[in-house]
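K.L.:
Here is what each chain is made of, one letter per residue.
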Amino acid sequence: MTAVTLEAPRRRRSPLARKLFPYLLVMPAVVYLLSITLYPGIYALYRSFYGGKFKLEWAGLDNYKQLLTDYEFFNALWNTMLLGSITLLAEFALAMLLAALVYRDPWVKGFRIIFLLPMLLMPSAVTFIWKLMFNDGRIISDLIKRIGLIDFNIDWMFSPALARFVVIFTDVWQWTPFLFIIFVAGLQGQDKEVEEAARLDGASWWSTFFNVSLPMMRPIIAVALILRGIDILNMFTPIQLITHGAPGGATETLSYYINRVAWDGPDFGYASAISVVVLILTVILAQVLVRRYFRSGTES
Amino acid sequence: MKSKRSIIGTIILLSWAVVSIWPIWYFATIALRPRVEIIAPDPIYWPTFTMETWAKIWEEWPMMKYFFNSIAAVAGSVFICLLLGIPAAYSLARYRYKGREDIGNYILSTKMMAPVVVAIPLYVLFAQMRMLDTVWALMLVYAAINLSIVVWIIRSYMIDIPHEIEDAARTDGASDLRILWEIIIPMCLPGIITAAVIASVFAMNEYLLTLIIGRKEAYTMSIALANFKGGSDGIIYNAIALIAFMAFFPILLLIILIQNHLSRGLTMGAVKG
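Just so you know, the sequences run in chain order Z and Y. 200 is the number that this note's numbering gives to position 200 of the first sequence; each next residue is one higher, with no gaps. 1261 is the number that this note's numbering gives to position 261 of the second sequence; each next residue is one higher, with no gaps.
Just chain Y, with the same shape it has in the complex (with noise of 0.2 Å):
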């Protein structure tokens, strides 16, 4: 079907393009804009950019820490997702046993669990434990959020490996694990980026469980931005904007290294787009 878009397609098209762009950019020079400029009475569009703000920000706050918590977070969970995950999905995919169904079923449900309901349960334990406030207990929980994902991604990637691979090595005598670690894993090694990397993102984003874990020590940039509040300055946009762009950036790029498996791992593997 040659598109031939009427007006109005194109003018909802253009319309919801500005919508989403420009409040990122608006959002995006208030990192660099004078307090006063704002939240002045009237909205100030057009931005006189200073560095002082940007400077003054760094100062105050530990922002390389905030930095560095999410990225540690995010990397460990991830390892934990793949080392866990791996196998799970090699199981899942390639072997028919009884309860496989069931299992699988369940690995996805677990998805379906809503954040506040393990919330009490989880700040008992870590208290318990004494790992509050820490980064290792950011990562063992970002990790259990999406380990299901993880799971079902690598799964129906793995699903499409012919196997007659497997087979004709198996036949050569090699074993289930180094066939997993030579030809299984490299071979949808697409699934494992796209899961990893969609993985990372929600870790990235997590609020609420971030938030009841994390005090002080362990903020990461999801939390740290609604705590920027300077007693008579009111809520620090300036510094609110600087960190959403340090988180936005790198996922950006990851995004765009996945682009074609996007939908394939939103769905964790429903859609093959």
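The shape of chain Z in the complex, shown without the other chains (with noise of 0.2 Å):
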């Protein structure tokens, strides 16, 4: 701090330059981020008119007329309605009743690095693990059968079900820590004597918590069910690693599908007009969300 008071006075900044400070300090990540939001939906936005592969063509909204009656897209989206609502929501019941179960627990340092590890392997090596715990090891099938519940190895690819199943599994395995994880410093983080009051006015452990822990929970939930939300929407790796969107594209997710138009076609065209459509849906939803939930829950 000497060092400090030694070089005083400083030379005093004219109010404007004091003004734009803040602005310039900003600017650099708000430009970087531009870049790479702003400018691939500009670029999408002009590619979805022109159709052919490489050697671009004016197709005006012909890419967008397709997309109307695009069977396959109208599939992925419902799937990832489907597959990301029955997750979202598996991972959300797991995480809490695990929370509920250990917050106050003196063991819960050492629970929190145990359900946490499936987080920590990247997603494609979960994926891995799961295809061969499924298919290629048959492993999930000869635990089934020790149990003695079947005398066959299941086919997981064969119906559209067990499919989804796999799919969800894999990725409520990895991702049920992350909400887990949060639920767990917001239970810690409430008043105690706020429970044990209740206690005392007689009310059972299920009933605190339901009337007591979850309502002041709400904000942190909406919160990690949104991060969690957003990237289960995008749901792409298990996808691509073990069902290909099989059978009958029940697995396909909007993710995969705008990559398959892209890359197996190729059609940059139509897959930047999807895109188009995916982003302008997502942009919607950002807006409404972060304003709803994100400022009421960081403000301090």
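Hint data in this document are derived by calculation from the structure and do not stem from the laboratory. The structure displayed is predicted, hence computed values, not measured ones. Check the hints yourself; a few may be wrong.
[Claimed, not checked] Here's a subset of chain Z near chain Y, in silico, CB distances under 8 Å, partners left out:
no.: 1; residue: L117
no.: 2; residue: S124
no.: 3; residue: D136
no.: 4; residue: G189
no.: 5; residue: Q190
no.: 6; residue: I280
no.: 7; residue: I284
no.: 8; residue: A286
no.: 9; residue: R291
[Said to hold, decoys possible] Within a straight-line C-alpha distance of at most 25 Å, the following computed DSS-like cross-link-like pairs (lysine-lysine) qualify:
no.: 10; chain 1: Z; residue 1: K109; chain 2: Y; residue 2: K1272
no.: 11; chain 1: Y; residue 1: K1216; chain 2: Y; residue 2: K1098
no.: 12; chain 1: Y; residue 1: K1065; chain 2: Z; residue 2: K192
no.: 13; chain 1: Z; residue 1: K19; chain 2: Y; residue 2: K1216
no.: 14; chain 1: Y; residue 1: K1065; chain 2: Y; residue 2: K1229
no.: 15; chain 1: Z; residue 1: K65; chain 2: Z; residue 2: K53
no.: 16; chain 1: Y; residue 1: K1216; chain 2: Y; residue 2: K1229
no.: 17; chain 1: Z; residue 1: K192; chain 2: Z; residue 2: K109
no.: 18; chain 1: Z; residue 1: K55; chain 2: Z; residue 2: K65
no.: 19; chain 1: Z; residue 1: K53; chain 2: Y; residue 2: K1216
no.: 20; chain 1: Y; residue 1: K1065; chain 2: Y; residue 2: K1216
no.: 21; chain 1: Y; residue 1: K1272; chain 2: Y; residue 2: K1056
[Unchecked claim] Simulated coverage check for chain Y against chain Z, where a stretch passes if three residues somewhere in it have a Cβ under 8 Å from a Cβ of chain Z:
no.: 22; region: 1018 to 1024
no.: 23; region: 1027 to 1039
no.: 24; region: 1098 to 1106
no.: 25; region: 1118 to 1129
no.: 26; region: 1216 to 1229
Built from N, CA and C at the ideal position, the CB exists for glycine as well.
Since each chain sits alone in its own frame, please combine them into the complex, following the hints.
P.N.:
Laid out in structure tokens, this is it:
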């Protein structure tokens, strides 16, 4: 500090410079982000009016017209919603159950590290773990056989329900810890005395949890579910590495579909048109969610 | 509340612990098992370990290259994130000015961008700049993915620093940049480290965009393992497992380092746990 005092008085900056200073600090980050969000958005919009594989051919609104009657697109949209909501719900229920069981436990740190482990593997690695467990190594089938429920190996890619189950399971196994960690912190952060007061009034453990703890957790739950929800809507890795959208497109998500259209065709124009639609949906969703839930949760 | 956990509760916790650990343990043994044991007609649960497969994998695949590609891309991206993110966080946390809320919201909302949507434009962009299949491109992309998280995490820690400390320094005549460098940054170091660790983990894990940019030279661990298919051998699970754990242990160490800040970091500062 003495060094600072010795240098004083420092040159004073003009009022204008003072006013611009905070903008100057934030600008590099904003410019950088604009270049990877705005630029791709504009490029995708531009490209969506063109057909052709590598040589551009003007197509007008053809790509968008095609989209309206594209069964596969709506199928992918539906799958994204279906897989997404089941996955999110399962992860939420499981994470909340586990968090409720451990948050006042003396062993909570130990459980936290153990439950965290799946999240620390790369998603592509996790995908291969379960590809091996379900398909290639037939380990899950073997375990069920040992219990005596079945006497054959299950072909997990045969029925839409089973293939979807594998994809959902993979995500739930890896990412339930994400919600769990947040919920434990949220539950630990709340006032112990409120809980105890409810207990003294004779409320049971479950009723205390549901009527006192859970409502207080609402903003935290919202933030956690939004963050997880975004990732789930973009689900790609397990689809690309385990199911390839099979059987019959039952596990094809939007991310996988756009990627497939873009590179297998390759049809950048059509893929761009779908991207633009998805982008518009995300921008609307993001605006609503960010404004509604994040500010209230973060403003201190 | 003294937790008198019921027996059912204990069973649930222990079963989930087993479900979490056993597949990881099983996969870890895969790295050291002979290939015939991995995809056998009936699964073999008691492994016979051999160093042979390990040596073979090391010979056949440039494992170290994948490792260093990942490390370089991740480290570079975190550096960019901090370089751009710390001033931005400081600006959002400490100054009042027109448009601040909107700028903050915009930065946050980039987190919601679907990677697949930006994939084609970025591919075209990097192709024009002749940067496809380079670690540099990956660095730039990872930095872009993580910048929003880094800014918001650090911002949340900066808000907690009392204003008085800065005011005192300001009366002593310290410039704003100097206050940032000598007071704010040291005081929110836990936040900066948390942000850096979480950004590293996400960058390490990135798959879709890496797949599109990395063709051969810039393979990182996360996409290299998807490529271990050796003709008649099928998928080479030994190599996949080995790569998986080469990435796993550094991440585990980093996460243990910040474990008390983890929930705050994962929620971008929304939960102060």
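K.L.:
Hints first: check each against the structure and report whether it holds.
P.N.:
Structure-based check of all given hints:
| no. | hint | verdict |
| --- | --- | --- |
| 1 | L117 | 6 Å, holds |
| 2 | S124 | 5 Å, holds |
| 3 | D136 | 5 Å, holds |
| 4 | G189 | 6 Å, holds |
| 5 | Q190 | 11 Å, violated |
| 6 | I280 | 10 Å, violated |
| 7 | I284 | 10 Å, violated |
| 8 | A286 | 4 Å, holds |
| 9 | R291 | 7 Å, holds |
| 10 | K109/Z x K1272/Y | 17 Å, holds |
| 11 | K1216/Y x K1098/Y | 47 Å, violated |
| 12 | K1065/Y x K192/Z | 51 Å, violated |
| 13 | K19/Z x K1216/Y | 48 Å, violated |
| 14 | K1065/Y x K1229/Y | 18 Å, holds |
| 15 | K65/Z x K53/Z | 18 Å, holds |
| 16 | K1216/Y x K1229/Y | 15 Å, holds |
| 17 | K192/Z x K109/Z | 18 Å, holds |
| 18 | K55/Z x K65/Z | 21 Å, holds |
| 19 | K53/Z x K1216/Y | 23 Å, holds |
| 20 | K1065/Y x K1216/Y | 11 Å, holds |
| 21 | K1272/Y x K1056/Y | 48 Å, violated |
| 22 | 1018 to 1024 | holds (count 5) |
| 23 | 1027 to 1039 | holds (count 4) |
| 24 | 1098 to 1106 | holds (count 5) |
| 25 | 1118 to 1129 | holds (count 7) |
| 26 | 1216 to 1229 | holds (count 5) |
In this structure, the hints that do not hold are numbers 5, 6, 7, 11, 12, 13 and 21, in rising order.
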